[in-house]
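S.K.: The lines below spell out each chain.
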Amino acid sequence: MIARREFLKGIVYVGAIGLLPLNFHGPVLRPPGSGRDFLARCIRCGQCIEACPYDSIRALDITAGAFIHTPYIDPLRTPCYLCQQRGPDGKDRPISRYLRCGEACPTGAIKRIRNTKDVLAEVPEELKIGVSVLNRKICLAWQYDSCGECYYNCPLRDKALRDFPPNEVIVGATGIRPWVDPEHCIGCGMCNYVCPVKEYIARSVMDRSIKLTFFEERYAAMVRNLIGSAGPGVRLPAIRVVLRP
Amino acid sequence: MKRDPGMKMRRVIYLRRLSQLFVIALLIVVPAVTMNSFEWSPSRIVLGHLPPPTIRNISGDTWVFTIGGFRFVHPIAFMDGILSARVIYIPYLLGLIIPLFITIVLGRVFCSWLCPVGFILELNQRTNTLLKRMGLNHELRLPDIRYPLLSVMLLLSFILSTPVVSVIDPPHMLGRELMYLFTHHSVSLTGVSILSGIILFEGLSTSRAWCSSLCPSGGGLSILGAKRVLRIGMERQLCTRCGRCDERCPYNLEPMRLLEDEPGFDWIKCDNCGLCRDVCPTGAIKYMFRRR
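Residue numbers (the numbering used here), protein chains in the order written: chain W, 10 to 254; chain F, 295 to 586.
Since the hints were made in silico from the structure, they are not lab data. Being a predicted model, the structure only gives us computed values, none of them experimental. Cβ coordinates follow ideal geometry from the N, Cα and C atoms, glycine included. Since no wrong hints were added, every one of them can be taken at face value.
Which residues of chain F face chain W? A partial, calculated answer using Cβ under 10 Å: (1) W357; (2) V367; (3) Y386.
Starting from the given sequences, assemble the full structure and let the hints guide the process.
M.R.: See below:
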């Protein structure tokens, strides 16, 4: 009898803990400039989401518990463009005086960062939102010597992403071997976004209902081979953005 | 006694509807002018086909509104924000000045003149009367728990370091859903269900039940505007005791009580909507600038 009462009590406690608005589904990338006290300062006004010129910032939903409606960046859907516009010469130019999310934030949860030509040259510390990690086992460039899209599209090309690892000797390399420099990487997620090693691209080889662009079509067969040989449980795409430790 | 045709009075409700419609138009126009009209795809980036993005220095809703470099911060948003952050941020403080001044001098005019949810709930009163006629309305009378609710929520914001009022404030929720609809073409289930729940709750209980007994941010504005200067006042010799103002008042405050020498009128709850003034056939009820 007492045991059952204890059990019921336990259920009530666990239920109460579950109802507490503190559970969270996992770490997410916050907009550039968000500091340590971001979650306490963010009043969920949504102005960064509205101000973002590329609509990269999204809001978390009720599954995030107490963090509902806080902004985050999902680089697989839209990466952070760092308020730059890429011209036909491939160079990025600033499109606003400050990074728009920090400019719009009323409470200072997202710090203001000046957006000049030097912002990509100096990379201020508060700009860094994460860091990219590369899995060489499923990377098209490392395995098939054929891709290098992350290297070509990185806003910090030759700094955050290099075409060759600096302290390694690779025999017989002809193409690009992407290597992430964690010192300079911002974690904007552009590499994540353009990386063709994605599940839907692999599936499109058999499933003709998936429409690919010309760019994705080029790599589809190779991606399928790589993902197939890597086996289940591998995290896609080949280059991912993770939070800084 | 008929109203004197010579001193024809302008009805306040037209002005009020105009300002409410203006706020709702802003909630739709602001995200509409800031949105991007095209979709992004990796091939666009790879090929360098990036059209220039739209940048407008205007954003926000009734909670925090930014135009140019200037901000308007809802006073309760400010309290909620500093309690959860435990820091005072100077630009945030500067945005507070004008709204706080308006609230202290003019009272809870946000609720009656600006709040978009208040506007929807005012229109919703027809549903309320319809349901009453059908016998579905239970005339649920709630006690006024706005102040305890607000204090508990602010305490929670302080303890959990999470702005609680900002998450559930209905006008902010409406503005956020409209904004998200334009920027990301989706709405959150939470916001839509809470907003429709409030409207349904209003239909099934007394009219303006949310505003008069539950809304935490409205309660906070009531307290801030308790010592206001703009009030309604009664000219006793003009009053014919027809009782229309008592029927019309959305919060059942009974403006006829102002005839008494020691009026038991709930000044804190009155939000200067001016409905009693409009309905008065002799013009006895007026807006007055005076301290109590």
